[in-house]
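Protein chains in written order, with my numbering: chain A, 1 to 840; chain B, 1 to 438.
No lab work stands behind these hints: they were computed from the structure.
Beta carbons are placed, not taken as given, at the ideal position from N, Cα and C, and that holds for glycine.
Please note that a few of the clues may not be correct.
[Stated by the list, open to error] Partner residues are not named here, just some residues of chain B that face chain A (Cβ under 8 Å, in silico):
| id | residue |
| --- | --- |
| 1 | D25 |
| 2 | S74 |
| 3 | Q255 |
| 4 | N263 |
| 5 | K266 |
| 6 | S369 |
| 7 | W414 |
| 8 | S433 |
[As the list claims (entries may be wrong)] DSS-like, lysine-lysine: derived pairs with alpha carbons at most 25 Å apart:
| id | chain 1 | residue 1 | chain 2 | residue 2 |
| --- | --- | --- | --- | --- |
| 9 | A | K734 | A | K764 |
| 10 | A | K596 | B | K43 |
| 11 | A | K342 | B | K359 |
| 12 | A | K234 | B | K134 |
| 13 | A | K110 | B | K430 |
| 14 | A | K49 | B | K430 |
| 15 | A | K764 | A | K580 |
| 16 | A | K234 | B | K43 |
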Amino acid sequence: MPPPAASSRYPSPSQPSGKSEVTDLKSQLRQLAGSRAPGVDDSKRDLFKKVISYMTIGIDVSSVFGEMVMCSATSDIVLKKMCYLYVGNYAKGNPDLSLLTINFLQRDCKDEDPMIRGLALRSLCSLRVPNLVEYLLGPLGSGLKDNNSYVRTIAVTGVLKLYHISASTCIDAEFPATLKSLMLHDSDAQVVANCLAALQEIWSLEASHSEEACREKESLLSKPLIYYFLNRIKEFNEWAQCLILELAVKYVPSDSNDIFDIMNLLEDRLQHANGAVVLATVKVFLQLTLSMTDVHQQVYERIKSPLLTLVSSGSPEQSYAILSHLHLLVVRAPFIFASDYKHFYCQYNEPSYVKKLKLEMLTAIANESNTYEIVTELCEYAANVDIEIARESIRAVGKIALQQYDVNAIVDRLLQFLEMEKDYVTAETLVLVKDLLRKHPQWSHDCISVVGGISSKNIQEPKAKAALIWMLGEYAQDMSDAPYILENLIENWEEEHSAEVRLHLLTAAMKCFFKRAPETQKALGIALAAGIADFHQDVHDRALFYYRVLQYDVHVAESVVSPPQQAVSAFADTQSSEIKDRIFDEFNSLSVIYQKPSYMFTDKEHRGPFEFSEELGSTSITPEVSSDIVPAQQFEANDKDLLLSTDEKDDNKGLSSNNCSAYTAPYESSNISSQMQELAISGPAASATTTQSSFDFDDLLGLGLSAAPAPTPSPPLLKLNPRASLDPRAFQQKWRQLPISLTQEYSVNPQGIAALTVPQSLIKHMQSHSIHCIASGGQSPNFKFFFFAQKEAEPSDYLTECIINSSSAKAQIKVKADDQSTSQAFATVFETALSKFGMP
Amino acid sequence: MPVAASAIYFLNLRGDVLINRTYRDDVGGNMVDAFRTHIMQTKELGNCPVRQIGGCSFVYMRISNVYIVIVVSSNANVACAFKFVVEAVALFKSYFGGAFDEDAIRNNFVLIYELLDEIMDFGYPQNLSPEILKLYITQEGVRSPFSSKPKDKPVPNATLQVTGAVGWRREGLSYKKNEVFLDIVESVNLLMSSKGNVLRCDVTGKVLMKCFLSGMPDLKLGLNDKIGLEKESEMKSRPAKSGKTIELDDVTFHQCVNLTRFNSEKTVSFVPPDGEFELMKYRITEGVNLPFRVLPTINELGRTRMEVNVKVKSVFGAKMFALGVVVKIPVPKQTAKTNFQVTTGRAKYNPSIDCLVWKIRKFPGQTESTLSAEIELISTMGEKKSWTRPPIQMEFQVPMFTASGLRVRFLKVWEKSGYNTVEWVRYITKAGSYEIRC
């Protein structure tokens, strides 16, 4: 085949639209259309190729549609194929013209050559023009009965395509029933496989509104059917095997014999060359044995080897897909993989996404027996050229240190990192040393002597700087020049860009002051003054608070800011176990790669309203991607926690690196701290009553908080429409137009928090109170919801944004309403509904 | 649902679409733009091969100078998608006869369209076996001139001959000379510490076959693996022959291998597809024979001078030899001048990869070779004292040697017509990632 015309070989966006060429083609095609001269097929072929090459590079050649159809009257199969391709591409955009093609496609569906019958049928079903579906029924029906398996294979998929164009037409023609009988009786494996795929899709989509489909869907999982497939599994090709295995996963075995039968049947699938088949089999094994602990363990042992083989063969992308799954298993059962740690050593040339996963796995499987080797290996990576990997490996060492009891050797390593004198290594290490000291204060002596020798000038990264400052404040008595270093830093207050560092500077100055007052007094004074004048709200608030609490009573201040040290027993997991289980249930899918359950990234319902308006891919604010939304909320949450941390003597910024700042530091609820919580995060209406008069908080309260309307004594009871409906677009538009009529904050009862492991639980609950969810997102501890409700009698909508932080047990709502006068009443309804959440 | 793809795109390195096929309507048409702006034009490209943008997930891999992007909107099966891409590329290659790159795609776009139609329908992978597809595909690939292709046009009605039972082989094949070629290709991976301890070492091997056999032959392959031999001696109730046996950690087979028989009798028996295919893959971690030992000594003499001494020893049989040996010895970025002597081969300083590249075309067994170099560095203020020493890397091929010690004991061909066959067996060991820290 000759290459496409030279001019079109390397197209670029700026290329001319090729109009003259298209007109040219058009006339040439027209000439050939009626010709019966010998050799005309060859010239047609060349022209068709040209048309398709234009189509490929994005030139619009839809204007030659008519001519193409005219030329399609041929018996040459090569020409036919190209014509089908062309038609399939442009039919959707030109429904009227596609009517022209129906005729010849229908005729081809009756051709004597099975290949042409198949191709024509496929093209016919791929036109995707809704008003042409009536023409599909006949050819599809006969296609399903064709005596050639190739045609039947195509017809089966055709039914599925039809279903997606017009579900009712497909159901009314009773195609699903035909497919079912084909699935059970056809001799060709591919036909059977396609039937299964099509039926699974059709019935699961139908199941939501048809009981019969629901039953049919269940029947796919019946024992005879499952065994029918599993016994014949070798007759299917590798892709179809994946399909069958995926079906088998959902099967609920009747007893343990059943389980063992299936596992024996599938045992040899673990040796299949196709990684997808192996993974699918692994999933079946894991799911089947979930309830049998011993066997489940053995399954892990059994699947280990095949998975490790898959990791080491194939392209990096393939190993990444497998490694992600292995990662999930390693984290679930680290002890089983503990002896295989060498498999997770990184190779120099591996892409960083593979290395990252391997580092995480090494961290997970470190135990008493292999820690030494693993940490030694990790230390090698710390000198890696790839800075990101070097950082990750230092973090990994730190994580291992935090999960082990014998940290002796690791502390030495960490301190050696500090001697490498590479800025990023020092920075990462400082953060780790700080975390380590929070957990094991007994090491302070060794660490502080080394940390004291680090010049704060070499540390630029805010996190590391904050860590250093924290240590300066915390161990001021052990570091002789702590006050002077702090003083130095405070003098450069203006140049410090990170609010986090400034906050820490304030706290450290306070702590240092309690221990070495004479040396620090001046610096503290400067810090407080600078802090109060700071433009950052949190820094300002904290400085002012310190100032006032010092004014009130120095001893109270000390007990608030610098109470006796308490070691952190464990850093909380970033993901709840429910979420992990859900990901495990969705083994062998994208969930494992993204490390979040599928509802967080596929379910339309859970995508935020923004998603519909934004240009594709502007993920920065799409709430459906929890990792995108969390940091934003995280930021707020962190700031709040930072304020709180003054009385907890525990700063959480170290945790911000592992996302969600849930940690198990004791929330001492001394008198003052509870007030501080109120102060920090609640609206004025709630806090005003609890504020004690001895403090003058007017100033604080006045800061940036809008005055809430006085609660109406007894709002009229609001009736909501239980069947309210609103499409996302309308929601979004309204949300943009309406002003916020009400902002409130409630505390959520503990039962509610316990029930709120996934957004769904609350959504269901609120729905029972006629408040519907339109979008939700986030993961523990930050959840975000958009709700809407409608008045019973009139079409007046209430839109609500609700942010729930499960670690602080607070819900913040913003209400927008068509009828603003009733928004308070709605808020009351909302609060009542929310307060019942989690109650039996 | 194991939907593998809603759409598939082939892009060149600039992000121009070479070819695309939309299988389902659940992804928008401007997906490529999203991929271009959010992945190709950012640092994300090398970061992760699976990315989510908007509501869609992009699963992509680069093969030579082409990006193959699969777009899905559901919670798809990633392993399946990647495998599909790899298989599809292998299929394309078998049609183009060799290379898969931008030019090959541009020259064969009609063929690729045809193939894409057959190998996937509505997002579900269909048949990717080249043997079967030959029956449906009308276009011929544009082959490079030197690769010859037997001209056997399939009869249009050949579709009827594809039986469900042996989906990978056509009936009625006939060759004048019945030949089987079997290659054992091993790649040995090594990670050695600077003190000479083996940190990690394994062999991944492949058994590749090329069959030109008539009819429906049954093949049986015997290897010197431990379990197989034990089983055999047990069945024939005679003691196992002495000799080296090896333990395979894990084996996977081509779909043609009868796995039930493998599990019960431990013999590899199969009806092969016609032409080239990968029969099995295996992995070994115990008892690996390393073909080369590398002994590096690197001395940093002050801030501006370094001495490098690398000794490479071949430890395979004296009658064998390695080909294409390349040793890459890393040097610091600020290398100014290099001076070196080698006992064999040629060495060169390659500043673009910061390495001394030492090439030895032919390296006999049981010998050793040395490179000694003096390196002068530009003294810089910025770069602090320590130079992170990347590992020394090695490439080589050793024919007739297997790092695992695997040997073919027999390869039997049985066909009902009882013709004679010629069997050819070759071994080769290549370097996978062969790294020595220094």
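Verification of the hints:
With 8 Å as the threshold, the beta carbon of B/D25 comes within range of chain A, its nearest partner Cβ sitting at about 6 Å, so the hint holds. A hinted interface residue such as B/S74 counts as satisfied when its beta carbon comes closer than 8 Å to some beta carbon of chain A; here the least separation is about 6 Å, so the hint holds. Residue-level restraint check for B/Q255 holds (minimum Cβ-Cβ distance to chain A is 6 Å; threshold 8 Å). Because the beta carbon of B/N263 sits about 6 Å from the nearest beta carbon in chain A, less than 8 Å, this interface hint is met.
The criterion of a C-beta within 8 Å of any C-beta in chain A is not met by B/K266, whose closest approach is roughly 12 Å, and the hint is violated. The beta carbon of B/S369 is not positioned within 8 Å of any beta carbon in chain A (closest approach about 23 Å), and the interface hint is therefore violated. Checking B/W414 against chain A: minimum C-beta separation of about 21 Å lies over 8 Å; hint violated. A least Cβ separation of about 5 Å between B/S433 and chain A falls short of the 8 Å threshold, and the interface hint therefore holds.
For the suggested pair A/K734 and A/K764, the alpha carbons sit about 23 Å apart, so the restraint of at most 25 Å is met. For the hint pairing A/K596 with B/K43, the CA-to-CA distance comes to about 23 Å; that is within 25 Å, so the pair holds. For the suggested pair A/K342 and B/K359, the alpha carbons sit about 30 Å apart, so the restraint of at most 25 Å is broken. For the proposed pair A/K234 and B/K134, the alpha carbon gap of about 23 Å is at most 25 Å, so the pair holds.
Between A/K110 and B/K430 the alpha-carbon distance is near 55 Å, which puts this suggested pair outside the 25 Å criterion. Note on A/K49 and B/K430: the hinted pairing is violated, with a Cα-Cα distance of about 43 Å set against a maximum of 25 Å. Simply put, A/K764 and A/K580 have alpha-carbon atoms about 21 Å apart, close enough for the 25 Å limit, and the pair holds. About 44 Å separates the Cα atoms of A/K234 and B/K43, which puts this hinted pair outside 25 Å; it is violated.
Violated hints for the displayed structure, listed by number in ascending order: 5, 6, 7, 11, 13, 14 and 16.
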